[in-house]
Structures are given as structure tokens and as C-alpha cells.
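4 protein chains.
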Amino acid sequence: MGKDLKVVVIGGGSSYTPELIEGFILNYATFPVREIVLLDIEAGERKLNIVGALANRMLQKSGLPIKFSLSLDRRSALVDADFVTTQFRVGLLTARGWDETIPLKYGMIGQETTGPGGMMKALRTIPVLLDICQDMEEICPDAWLINFTNPSGIVTEAVNKHTKIKTVGLCNAPIGAYKWLSELLQVPAEQIYCEFVGLNHLHWITEVFVNGESVLEQLLDNKEGYSAKNVPQSEWNASLLRSLGCIPSYYLKYFYLQQELLADQQEAAARGETRAETVQHLEDELFEIYQDVNLTEKPKQLEMRGGAFYSEAAVRLMNSIYNDSRDIQTLNVPNNGVLDFLPAEASIEVNCIVTKHGMLPLPVSVVPTAIKGLILAVKTYEQLAIEAAVTGSRDTALLALAHHPLVPSVNAAEQMLDEMLLTNKKFLPRFFQ
Amino acid sequence: MGKDLKVVVIGGGSSYTPELIEGFILNYATFPVREIVLLDIEAGERKLNIVGALANRMLQKSGLPIKFSLSLDRRSALVDADFVTTQFRVGLLTARGWDETIPLKYGMIGQETTGPGGMMKALRTIPVLLDICQDMEEICPDAWLINFTNPSGIVTEAVNKHTKIKTVGLCNAPIGAYKWLSELLQVPAEQIYCEFVGLNHLHWITEVFVNGESVLEQLLDNKEGYSAKNVPQSEWNASLLRSLGCIPSYYLKYFYLQQELLADQQEAAARGETRAETVQHLEDELFEIYQDVNLTEKPKQLEMRGGAFYSEAAVRLMNSIYNDSRDIQTLNVPNNGVLDFLPAEASIEVNCIVTKHGMLPLPVSVVPTAIKGLILAVKTYEQLAIEAAVTGSRDTALLALAHHPLVPSVNAAEQMLDEMLLTNKKFLPRFFQ
Amino acid sequence: MGKDLKVVVIGGGSSYTPELIEGFILNYATFPVREIVLLDIEAGERKLNIVGALANRMLQKSGLPIKFSLSLDRRSALVDADFVTTQFRVGLLTARGWDETIPLKYGMIGQETTGPGGMMKALRTIPVLLDICQDMEEICPDAWLINFTNPSGIVTEAVNKHTKIKTVGLCNAPIGAYKWLSELLQVPAEQIYCEFVGLNHLHWITEVFVNGESVLEQLLDNKEGYSAKNVPQSEWNASLLRSLGCIPSYYLKYFYLQQELLADQQEAAARGETRAETVQHLEDELFEIYQDVNLTEKPKQLEMRGGAFYSEAAVRLMNSIYNDSRDIQTLNVPNNGVLDFLPAEASIEVNCIVTKHGMLPLPVSVVPTAIKGLILAVKTYEQLAIEAAVTGSRDTALLALAHHPLVPSVNAAEQMLDEMLLTNKKFLPRFFQ
Amino acid sequence: MGKDLKVVVIGGGSSYTPELIEGFILNYATFPVREIVLLDIEAGERKLNIVGALANRMLQKSGLPIKFSLSLDRRSALVDADFVTTQFRVGLLTARGWDETIPLKYGMIGQETTGPGGMMKALRTIPVLLDICQDMEEICPDAWLINFTNPSGIVTEAVNKHTKIKTVGLCNAPIGAYKWLSELLQVPAEQIYCEFVGLNHLHWITEVFVNGESVLEQLLDNKEGYSAKNVPQSEWNASLLRSLGCIPSYYLKYFYLQQELLADQQEAAARGETRAETVQHLEDELFEIYQDVNLTEKPKQLEMRGGAFYSEAAVRLMNSIYNDSRDIQTLNVPNNGVLDFLPAEASIEVNCIVTKHGMLPLPVSVVPTAIKGLILAVKTYEQLAIEAAVTGSRDTALLALAHHPLVPSVNAAEQMLDEMLLTNKKFLPRFFQ
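Protein chains in written order, with this note's numbering: chain A, 2 to 434; chain B, 2 to 434; chain C, 2 to 434; chain D, 2 to 434.
The hints are simulated quantities; they were obtained by calculation from the structure and are not laboratory data.
If you're wondering where the values come from, they're calculated on a predicted model, not measured in any experiment.
Be aware that a few hints might be false.
Straight-line Cα separation of at most 25 Å, PhoX-like style, residue types lysine-lysine; simulated pairs [what the hints assert, rightly or not]:
1) A:K162 to C:K162
2) C:K106 to D:K106
3) A:K301 to A:K106
4) C:K254 to D:K106
5) B:K4 to B:K357
6) B:K167 to B:K357
7) A:K357 to A:K165
8) C:K254 to C:K4
9) A:K62 to A:K301
10) A:K106 to B:K254
11) C:K357 to C:K165
12) A:K357 to D:K180
13) C:K357 to B:K180
14) C:K62 to C:K4
15) C:K106 to C:K4
16) C:K68 to C:K4
17) A:K357 to A:K162
18) D:K162 to B:K162
19) A:K180 to D:K357
20) B:K106 to A:K106
21) C:K106 to B:K357
22) A:K357 to A:K4
23) C:K106 to D:K254
24) A:K254 to B:K106
25) B:K254 to B:K106
The shape of chain A in the complex, shown without the other chains:
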């Protein structure tokens, strides 16, 4: 990794790209990117051109000597890459719509990162990412793969298990937690230390130190918890927080409040509303704005899109790897004994030291008894989902669903699976050979 730093953005036509470009510009002093390629597939060419033009205007305005191009040819784009980031969605928002609605018919949560919908997203995404890694192994074997693509933990575990590419999974939730706490406690984020325990979209904050002193107790009285724009809000149960002794991620509402969230989703669906559709409207608006040839910076409206801080997290990570910074970031990496009830190769979301030679996960000081079962139950599903994605086995996919805590019947799951497989057929070549 020399001075001619090259970054390839897979899914470059994403609406998030301007944030990433802004990040490269702001961090140029310490992370001197010399070349950026936005890569996408043919079906995404129109969006790529719109976002690409905006990115180009932003870079022009910055005056920095960064070579910039758009590409539809993955193999040539990857030549000499130092970092490859991913932020694509196989099947686009249409497939997300299926993930969010089909399960509802069978009395189950419809969500794109966990449950039946999350599994379908994994089945669509993993083979594509493994293909990318196969190209990387050949063309840029030493490059880092920075994976934003959801379900981020599962996808990262699949890459670690089935390829030799160095990879890290990223989520915006941990950085969001620090921002929430910084505002709540009125201290700079740098003075806060949070301990995260769990998996991607299934973590708990088990300790919060400010300048070496724990402030966890006072936070447990704050029933609102930390939250995000794309997850329905309900207040946490006060008794639960008290006895749990840690702060659940907002994604845990799908588990602790499954009944309520299912009812909400079913109502919304009855009204014809899904998160996929809401996002589609936001995206349409954003691309409308992006086309403004006078726009030369990231527009404010992007912040409403839900994935806030993703790009901040990504640029921070690449910066620390490049500079061997050895600072602490919360990442998705192989467990390797940090959680002693999980397999060594299981991807977990945990504090890590970021070095140039790899991520070093930090030990966790405490894992509440109460959360171990749920973590292993979801990890069990994740392992099986990866196996199903790689082998294209319907039986294994059903086994994964049968052991997911949000699936209350293997028989219902079987019917649902058949419907989902058929609907997603175009994106599941391994299942339909």
C-alpha cells in the first residue's frame, strides 16, 4: 500500500456515494486518495451517471489531485486497488419490498436484515460478493474489502470463510451510539468508551465509560435507548432494562417486541406502506436533487436516508488501516474466542484495534447471561444461511429459518420459503440449476 492510494466503490451508483466522496475530500490530508473508481452494474448505469456527475463536481470543487472515473467493468476497475468498498443491493428496492412483505403473509416479521427477509437478502448477496472476491484474489489480492452491504455481519463471515480476501464488516449503529451518547452526556465522543457485545444488528452496549468512569447506571434510566431513522420506535420496557443491565440496540426490538412490531408491519402493509416504498420515494427525491448541475456538495436531505455515518465510518476505517493508527473502532470481525460460546470463525460486532496488519478484537469485560442464548440462536441461523447461500440448498435454507427466533413454525416457513425462492428466482442461480 504505497502513496498511490486507489479506492474502488462497488455499487458506486448508490445514493450514499456523495457522503463517501465528501469523506475522502475531508480526510485527504491523512488519507491521500489518488484514484477513485465508482463501479456499478449495467442495470444501475443511469444512477451511476447521475451520482458520478455530482461526485465529479464535488472533487473538482475541492481542487484535490484525485483521479476519478466511472466503470461498468469490474475486472479492469479492480487493477491496483488498495481498498474496495461495497454498498450494493442485489435486486434493488424491488427485492427489498419482497423481503418486507412476503413474511407478513405467514405471520412473521418482514425485515431486510434479519428474519426471513434478511435471509433472502443474504442468499442474493453472498454469491455476488464471493464472485467479487474471486476477482480480487486474482487482480488485487492484497486489497482490503470494506463491506457495508447488509446483512453486513453474515456477508462478512461468508467472505472470511470462503475467500482469502482481507475484509471487515461495517455498520453505522456503533458510530451512531457514540454520537447519541456524546450529545446526551455533553462530552466529546473521544472521551467515551462503549463496550459492544453481540452480532451485527444484534448488539448490546454493556458498559459506557466517560474518562474512565462508568455512566451505565444513569443511562439505564433513559428508556428511549439509542435509535435510528429506519427502525420503528417504541419505548423499552423499564423492568427489562433494569434486569438486563445493558442497553439493547434498536434492532433488538424485532426480538423483544416481536408481537408489537409484527402488528405494526401488518397494519402498515394493510395501508400499503412498506419501508422499501418509503425508501424508494426518498431515493427518487435524492436523485432528483443530485441532477442539479449547480450542486457541488452532499445535500442535507441525504441525512434522512437512514444510513447516516456509514461513509464516516468507512473513511475512518480506511484511514486507520492506511496509517496503522491502532485506534479503537467497532467492527464485524471473526470471533476468535472473544465470545467463548460462539465458534472461532463467527463474525461478531465488537471493539477492535485497527492496525495495518489487521483488526485485533478487544476482550469484552462482561457478557450478561441473559443475552447469550439469543446471540447463539441468531448466529446459528446466520451460519446456516451462509451455508445455504453457498450451496444453494433449499433444505439448508429451511433449516436456517426453522432455527431463527422470529420463525414460529417450520411448516409455515417451508411454504413461505418456497414462495420467496420462486419470487427471487432471478437472483438465486445457485438454487435453480
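Here the structure of chain A is known, so what remains is to put chains B, C and D in place on it, guided by the hints.
Only chains B, C and D this time, still in chain A's reference frame:
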């Protein structure tokens, strides 16, 4: 443990007692009991007298030199005991009725050994059993406690964690599995070796050898699985069995077919039927029969009661301990590393060598990835339920429910818990101090 | 494994063979051998013929319908084998002499099963045994390999790591311990339960129960320990036994009394005496006796040979496998978590249940802190010695020696290793390619 | 820990103190010490006064507002302490002389941090340090104990096991390794990342990265290894380094070259030379120099004393704790799963993140098989030595020696132990009650 073997049967007025007495008579040659005391509480005196009279007639007929008595005084009954067996139900069938019906109102499975109902049974039972153990520590500290009382795994773990009494938890399911296989395969049970993995009422049979050869594959084609009279029957999903590669216990239908069994229970409740009521009728009939002064043997009707083989299992276990037989039995004992994703002290249901100096759990050759999550999830609940029973903490009880795989909402669980606690108030002194 | 039981004895010309033949005759009722082949190499033909003739006379006298033959052709001998036993010595007693004398020059213990000498024996033996297993994989893949060949633990681990053959390692020390205790305590061996912890030739007896009661304390006052004919006797240090709280195997004198035993060996060597020579004399005498055509039974003199009970142990083991007896025997099998500070695949010497589908190691109830380090130190050496034997790497062989507790200098070890390799050149083809 | 930072230096009269004072002065900007107390015992008053006067001159010259005092009263000195450092030697250099010479008579290495001598030092030191901690628990329970006192790993483990005081063990070897590599490779130490595996005075460097690239291979060709003034030098065996694949600490020569170093020590002793005497001469010279009233800085001669960088390491550590720096330092902390073959509470020497709320050990990427046995063997001895120190049990002390890799006979060890105990009687009150 000398030649004057004394057995104390706690809950001696149970309808199961004649089976136990028959076991002592049949095994007298190798397990020469010299004294049997049937012990019960005052509320059970009538039943104790009826069963006691029958037991007395059985022993008289046998002509064996066994001293026999009934007692309502625990401390004097325990003097010089070598084995203490338990088969009582705190709150009797009335409380079982609550366990089976209250959860239904909140959209949850009502069952007396797992889920919300199982937890309530644990909360009622554990303090009573710890009291018994406290007496034993004082009066007969070297006696073995053979625990049939459900939820047997949880209760056994509580005794191991909180007392010094040597105990083993027993269930009739493993012995039932051997009988099922013996009939199905037409080989004596002694030539069969089953490997059990899991917890009480949550186990899978992961291997079956006949004369050293595995017959698992052919069994997985047998969709009916093994079953029992007190669990509703549904055929197992064929794809599930195939990909699981092992045979689930019939209790696992509450997890794999939660949706269906909940619907069944709700329908039955709507018709005014519960398992508690069915059992009450059976019991009434049995006691009617027991009163027949000409009856001098275990009546056939007892076999319909559901707990078949319990006594056979109990006598076999006591016999092997007494004789240091070192044979293999499937028992509930501390994990101690057999399942590496569970705590050392967690009670598991596993093959053991029975020696006079204790039970030695055998290693398991394989644990399918798919089942680990569910096992740890239920064990998590069990650990919390024990803590709640011992401390009388409502918060901990809610924490236990919130992490039970059959509980889909912590908020609904909170309301349900409050109703259940209030209903069971009489039997939960630690919660109402 | 049907009724036509066939056993192949590799190293059939060994002086131990008559004991094995006696075992087959005595156990015929439960272990009905139909065919025995004594197999040896050409260099051993003379001994094979002498022992073979005696064995034949013994079998004739028994009148049992056992087919019997001698063979120098391994591949044809292995056809249809159910059990293959090994009791050979690569390099014969000459090589043993080297193992016992060369280390002395460098100030180190010379012994044929541990230390530098033990490693050389492993380097000579492992490749030969792996060759045998390769033939077995092809010709009789389901046969059991019962390995008596020393260093038995190391050799068994090598077979488990590098072949698919089912194997068990056997030593006469555990059975000897039971016989010692039976005589000392005046109770039948069947009423005794010893817990063994450690490796082959490196175990401690951590518990002794008689009829379920521990008698360990009284044994710790017995300073003589248990012993064997082929290990020099010194009294154990009383303070050591007291604080250790368990009974060390007599082989542990090489470690706890290294200084003294080294001095003894150096004195004996100065007088021109080695164990190899003593054994050579015994062997010569035995073969003289075996040639007596009137001899039709195992001669008494064989008991002085040192390997007493080896054959008893072997026949007992084969009998239990054949009959799926599920009794407890102390064997060398893969660790699989029994000792949590050792790798899963490490061969350990531990109580096992013998079933027809394999050996199931029993958990150990206690491992004294004091012995863990020595166990792992020796296991470290063993793992490296296996690697050296398989790869023929001099560097790895030196690494093994450098980490053996009986080797006080890597530089001296290097010189010694070079001398030993050269002396053993004929038997180490992988080191001299 | 506020702005009024107070540091108490136990063993303040040590010749190392000027280096520590220099460190406080140089780091004042980030670590603003407001008060320093040099504490010593009455027997050390003369040295305390000499060193104290020099320290005072150094502080005066700096012009910094640091309150400074000398004290012989521990309890008053500890009031309001934030950091307590220790650098004392119970029994002074006289006792060190015993540690280095008595074992030689019995044919064993004489060394003050490992082997029989190291154990005696632990037996003398641990009770004193536990007394200090008892005072701290009462007077300054939140202060950090920074322990330089040897044997540092053992002593730190004793404090962690037997007190509630937050402590870290420090050694100058890791910082010395960085300085050696920085000079050898001609890169700033900050660009180097070394992975340390093992215990205090028993570690291996298993990886060295410079700017994210491994340079280990080239270092393994450098036979001299890294070394220090107070350990005899011999070149490492080239084959050993090659097959080991990592760099042994110079203290490992006592294990890998025991024979040679023992011979060296015996020769030196025959000539009347011991390290204790050499050090005594150096100390005498240093105190001569310290008395020069014109001296106002750390004299150059101190660097020859052997403990170079100790103070640098200590100030760096306190600075990072105070500032919550979250940088990486190599420290002695509880294992907690980092090395999976060691107990959780075992003190290991490993890279840690230093935070204000504690040390977070980093995972190790590889532990060569070859070194595990030696590590556990020495840790076994360490655990027993701690137990002996705390209980004052001669049997346990012998058990510790019997399992130390440098002790070749338990019988010889027993005689030696009795001589050492008697000689050290004055400093071993727990052994002579």
C-alpha cells in the same frame, strides 16, 4: 450405604407410586430395600392413604421383608434414608391448569414444563425442593436425591447450585426412546445405543447404533418420530429431519411447530379442554380403582397416565448406584464441558455412566450446528428462572421470560407475569414478602 | 464384524505372543476367534517359526476350531481381518540399546519410551505403522488396530492424525495398577475404580474408590507407589505425595528423580549394563524354552519379561469391542476436551467406555494444578516428534528435543541428535532421502 | 483521579529513582504530577536520603510546581495517592546473593527471577506486597499499583488473586525489544508492532510488523537475538530459531541452554563472582556519584545498571492511564482467555490497550505449538509458588520446585529448600510461625 437400604418417597400419595412399589418388588434380588416411607403433605393425606393401602397390599403379597410406612413428617421420615425420590406437584393440578391456560390469553403456549407455564412451575417447585435439601443436609447428608419432579432439568440444576445434596434428574423420555426403537427395529434395547444431546424436554437423538452399526439414516425417514401420550402429535417436517440429521424429542414440537400447537391449545381451551383437566379425570379414575381392597398389583390403567417408565427409570438408577454397576443411563447432570457452548454447571440430559461415587457424563460425538442456538437460548431462560425462584425477583422472572424462545413480547410478558404471580401467590412466598 | 472373527498379530514372532494365544484360548467362549495369523518381517523369521510352533501346540491342545498360520506377507495376511494387533520393535533390541546409551554421553536420560531415546523409537516406528495403516485402509478398512507398540501414546496419536484406521493405544500400566491395588487392599479389582489423568507413561492416579468410597488418603501414605519390573525403584518423596494428592506412575521417576536416575544409568553403563542387554538375555532364555517341543502352554518365565498383562489387556479390549460391552478400560485415545489444556486430537491415557462403535473417554473429576504443566510440556514434545517422524525434518526433531523436560540444552541436543540420526540411519528413510 | 496527581514510590531509595524523577519531569506537560513521595523502610534510610537529595535537586532545577517529600511511614504516605509504584527488594542484595548461590550447590541454576532463587524472591516479596495492598485498600482503594518488583509476573498475579487493588506488572524487556528493533531496522519504534506471547521473563516475540508488513523472517536469521546487560550472552542455536519461527527472550537461555548457563554460573561462583556482587559494586559507585551536591540530573552510569527503560515504561504507563490514551503497551495482566491453555487468572505478558478503566489484553495471532508446554510448566510453578507464599506451606513450596523445569530432582530440591528457608528465615514469617 449398607444392607439396610431405606427409600423415602416424597409425594408418596402420587398416582405413580404403585409403579414404583412394583419396581422395588421386582428388583429386590439386586436392590434389597429394607424400608420404604411414603411421605406427603397434609393436603395430600387422603390420596396418601389410598395409595398407601394399595402399596401395602402389594408388598404383603410379595412376601418380602420390607418395612413400610406412611408419613406426614418429613424430618423424621428422612432419618437414615439412602435414597429420596420426589414426585410431587406444588399447587396440584389446579396450578397446572393455570400454567396451561393463562399464557394462552397473551398469545403464548401454555405448557407445564416449558414456556411461561414451565417457569411458574419452576418458581413454585424450587423453593420447596431446596427446603427438602436443607433437611437432608442435616439429617441424611449422604443420601441420593432422585428427582422426577418437573421441570426436572431446571429443578436439578437448582439443587446442584444451591445445596450440597447429591442429586440426579430423571425423565421418562430417554427410556421411552429405547422402548420405541426396540419395538421399531425389533432388537432388544440392550443392543441399542442412542446418543442424546440437549436439555431435559429439549433433546435430540443424534446417533443410534445397533450392535455398533449406525441406523440413523433409516430412522430419519420415519417421520413419526418418537412420541408420548401427553404431547400432541403432528408429523415432523420431512425436510427438517433430512437437514437436521437427528431425531427431535416430541417436546420440540412446541418450538418447531409453535404456531400450530398454539392454535391447537387455543381451540382446545375454547372447547373448555386442557391437559390438566384430562389428567384430573384420569387421576380420579385411578384413585377409584386403587380403593379396591382386592387390588394387589399395579392396575393396567396406570399406563395411560403419561408418565410411563418413570418408576422403571428410577429403580434402575437406584439399583445401579447401589451396585456400582457402571452402566449407561440418560440422566440430567451438570454439563462440565460436555457441551462446550454451555456453562459448566448447566444441567444437561446426556448419557452417563452410573457409579456408586457419582454420575460420569459421556462425551457426545457430534452436536449439529443447527441446534446449538436453541439449546443455549432455553438454557439461558432456565438459568434466569432458577435465579428468579431463589431470589423471588419479579424483574429476573421477566428477564427469564423475555429470553424464552416461546415469548414474543417482553411487554405482553410483563402483563402475563403479573397475572400469573398473583394467581400463584399462595405458592410463591419469596415473591410476596 | 461377524462370526468369522480374524485376528492378525503384527510382530507375531515376539516373545509375548504365547500370552496372547493363551488369552484367545481362555476367552474363546465370549470372543470366538476363528482365525489367527502371526505376521512378521523376514529378519524375524526364525523367531516367528519358534513362537509359531509353540502357539500351534497351545492351540492344538485347546482343541478349539481356530485356524492358525504364520506369514511374512502383510497384504495377504490382512484380508478379512477384524482386529490387527501390533507388538513389534523396529531395529530390534539393538536399536533399543542405542536409545538407552547414546543420550548418556550428553548428560541425558537414556530410555526407550521417553526422552531422546523415546523420540528415536517414535521416529523409527511411526512410518512403519503408517505404512501398515495404508495397507489396512485398502484391505481391511473396518478393522480395529490395537496398538501395543511403544511409545504407545505417540504412535496412536500419529495413526489418528494421519490415517482413517480406528485405533486404540494400550499399555499394561493401568491394568497393573488395578492388580497392585487389588492385592494391597484385598478387594477384587472389579470393586475398585481408579481415575487416571495424563498421557501414556506419564499418568497420575487421582482417585481410587472401593465400592464408591475414596481410599486415596490411605494410599498416599504408602510411599512405595505402584511399580513394574522394568523401571528402577526408588521410594517416592513423602512431602511430594502429600502435596500432590495423587499417585504418580512409576515412569514419572524419570521426571521427578531425573538427577538420581541419570546417575544410576551412568553407573550401570560404566559397568556395561543396560536394560536392552538384560532384556536380550531374557529373550534368549525364553526362545530356548519355547523350542521345547513338549511345551504346550505359556511358560512361567514369561512373566519376568516386564510386559506382564499386555496380552490380558489386549484380549479384554477386543472382547469388549466385539461384544459392545460398554465396560470401563484405561486406554490411549484422542483427548476431545477431557483435559481442557490439551489439543482435541492429543492422545491421552484415560478411562473409557468400550463400545462397538468406539471408545468414549470419561470425564476426569479433578486435575491437580501441579501436574498440568508437565503434561502439556511432554505433549508438546510428542506433537513435535510425530511431526518430525512424518516429515523427516531434522529441525523439527531438534525442536521436539529442545522442548522435552529431560533435555537441558538445545546445543547438546543438536550434537546428540546428529549422532542418533546417523546411528539409526537404516531405520529412518524419511530423514535420509 | 483529578488534577492533583500524587505518586508514591515504594522503595524510593532505589538507585533507579533518578530515572523515574527524570521521567516525571520530561512528561509533565501531559502527566502533571503535583506530589511525589519517596517511601522506604528504616533499613533503607541512608540510601533514601542520598537519592532523595538528588531527586530534590533535579526537581528544583526543573522549576516545576511538584511537591516532594521523603517518608518512612507508609500509611500516611499513601493518603490521596493516585499511583503507587514499587521497586523494592526484600532482603536487599544479600538475599539476592543467596538466591544466586545456594541452588548451585545442588546442581541447579541460581537466578533471582526464576528457578529456586526466583521462588525464594517470590516467597519474600509477596507477603510484603499484600501488606501494602491491604493498606491501599483502606487508604487509597482507587489508586493504581504499578509493580516493577520482581518476579514481576508472579507478584502481580498474587496481588490480583488476593487483593482488590488495580495493578499492572511491568518489565523493561518489551520496551527494550522495541529499542533493539528500532536500531536494527532503522525505523522509529512507533512504526513497529511486536506480538509478545508468554509470561514475564518467559516470552517469545512471534511477529514483528513494520508499517503493516512482517519482517520476522529476516529477524530469525539474526542469531544474536535481543539481549540485556544482566543476562549472560550466548548465541542462539540457528536450527532452533528456524523451526521455532519466533524470537525467544534472553531469559529463555536459562531453559534452552540450562546446561551451559549452569556451568558458567558454577565457574563464576568458583571464582567468587556472582551477579549480586557485581550489582553491589555498581550500586556503591552510583550512590557515591549521587552524593555529589552539584549533580542535578540522572547520571549516565545509571544506564549500566541493567534495568534500563524501567522508569520510561512506568511513566509511559501512568501517563496513558491518566489520559485514557488507549495506546498499546506490553504488560503483565490476567490472561482471561488470551492463551487458551492457561487459567483465566494467570498473569501473562502481552500487548494491552491502556485505558483509564483498565488494561485490555489484545489477542495473539499465533502461539507456536512448541512453546505451549514450557509456558504452562512455568505457570504451574508460579501458581504453586504464590500459594506457598500466601500459606507459608513448605510442602507447597516443594511442590512448586518439583514442577519447575529447572529442577531435576524432588529429593535434591527438598534438601535445598530446607537450606534456603533457613537462610531466609528472617524474611519468611509465614513459614516460621
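Going through the hints against the structure:
1. A:K162 to C:K162: 24 Å, holds
2. C:K106 to D:K106: 23 Å, holds
3. A:K301 to A:K106: Distance ~37 Å between A:K301 and A:K106 Cα, so the pair is violated.
4. C:K254 to D:K106: 22 Å, holds
5. B:K4 to B:K357: It holds: about 14 Å lies between the C-alpha atoms, which stays within 25 Å.
6. B:K167 to B:K357: With Cα atoms ~11 Å apart, B:K167 and B:K357 stay inside 25 Å; holds.
7. A:K357 to A:K165: Distance of about 17 Å is within 25 Å: holds.
8. C:K254 to C:K4: 45 Å, violated
9. A:K62 to A:K301: 18 Å, holds
10. A:K106 to B:K254: 22 Å, holds
11. C:K357 to C:K165: 17 Å, holds
12. A:K357 to D:K180: 21 Å, holds
13. C:K357 to B:K180: 21 Å, holds
14. C:K62 to C:K4: 23 Å, holds
15. C:K106 to C:K4: Cα-Cα ~54 Å, so violated.
16. C:K68 to C:K4: 13 Å, holds
17. A:K357 to A:K162: Within the cut-off at roughly 21 Å; holds.
18. D:K162 to B:K162: 24 Å, holds
19. A:K180 to D:K357: Answer holds: A:K180 to D:K357 is near 21 Å, not above 25 Å.
20. B:K106 to A:K106: Holds, at about 23 Å.
21. C:K106 to B:K357: Roughly 52 Å between the alpha carbons, so the hint for C:K106 and B:K357 is violated.
22. A:K357 to A:K4: 14 Å, holds
23. C:K106 to D:K254: 22 Å, holds
24. A:K254 to B:K106: 22 Å, holds
25. B:K254 to B:K106: 20 Å, holds
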